[in-house]
Amino acid sequence: MRVTMLVRSTTGLEAAMRARTVRQRARVKAATVRSLDRVFTRAQESTPRDTHYMALHMRAELTREGYDFAVGFRSSDFVGQTNPATGQVITAFYPVFVIKGTRFMAGRDFLSAALRAERVNIRRGYARALSDRAS
Amino acid sequence: MPVVTAAWNAIADVIRTAVNLPAGSHGPILNGDRFYHDGEVPASAAVGYYLFGQEAEDNAGFVNQIGDSATLRVHCWADTKLNASRLYEWLYGKVDGQVLSVEGHTPWRCTMRRLSGGADTDGTAYQAIAEINLETLRG
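Residue numbers (this note's numbering), protein chains in the order written: chain A, 1 to 135; chain B, 136 to 274.
It is worth saying that the hints were derived from the structure and are not from the lab.
C-beta: ideal position from N, C-alpha, C; glycine also.
Keep in mind that a hint or two might mislead.
Claimed, not checked - So, partial list: chain B residues that the calculated Cβ filter (under 8 Å) puts toward chain A:
1. Q189
2. Y227
3. V230
To be verified - Only some residues are given here: those of chain A computed to face chain B with a beta carbon under 8 Å:
4. A26
5. T82
6. P84
7. F97
8. V98
9. K100
10. R103
11. F104
12. M105
13. A106
14. G107
15. R108
16. R116
Kindly produce the complete structure, drawing on both the sequences and the hints.
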């Protein structure tokens with residue numbers, strides 16, 4: 001089973017369905033890439049860093065034919081892998097515990113926070129992509 | 136006092152002063168402290184308890200203007216998934232739809248929803264993660 005810890009933006013597909021022309025669809029895809037870049041950058045800025053392994057293994061993925069995106073982590077990048085900074089094999093998908101928290105430490109959901117912080121810009125980008133005045 | 140601190144205090148007061156505490160099939164679920172702020176959970180603390188977590192203000196801030204809002208995350212930790220859900224439901228009954236008033240600040244309407252859940256690192260404790268939204272009612 002593939003375990004993930006991702007936040008997904010799903011507004012791009014909605015925008016694509018409202019697009020009336022091929023050019024608008026292309027602009028929606030371009031807007032998705034720009035949004036992905038902004039959310040990924042924000043998430044990177046707020047990722048807790050100890051050995052930097054988690055930040056280095058954050059994924060940014062386009063989904064649904066490039067109209068939506070997801071940012072986060074996959075367990076296969078962690079469990080069974082060796083952290084070069086410590087030389088030790090990683091035995092747990094620990095981003096889950098960082099993001100959701102443990103009984104001694106509240107979660108730090110920097111993924112959702114990054115998406116929330118960019119929500120207005122994401123919607124604005126799609127509105128511009130669908131506008132007839134967009135270049 | 137920062138508004139968001141007052142918001143946490145208001146939630147803490149609700150939990151601290153409640154009389155009918157959540158109970159499972161084996162009796163009360165909450166420990167004697169009932170809740171902790173992040174970074175203040177004693178190593179010896181037994182579940183269950185509420186752990187106050189991440190807070191987020193909206194883009195305009197949470198500054199006593201009508202419509203301003205903030206969200207607070209509360210982690211409901213217990214010995215079983217069922218008891219974690221019971222802690223969530225108990226708190227939901229106390230705050231969802233309620234208007235909280237704190238001296239020096241405007242009233243807030245609370246809405247609460249469940250975000251997710253999960254197990255602790257060793258699998259011996261479980262949590263339900265709640266998000267409480269506080270919306271300023273009067274400027």
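Note to self: Tell me the hint numbers this structure goes against, listed in increasing order.
What the structure shows: Result: hints 2, 3, 4, 5, 6, 8 break, sorted rising.
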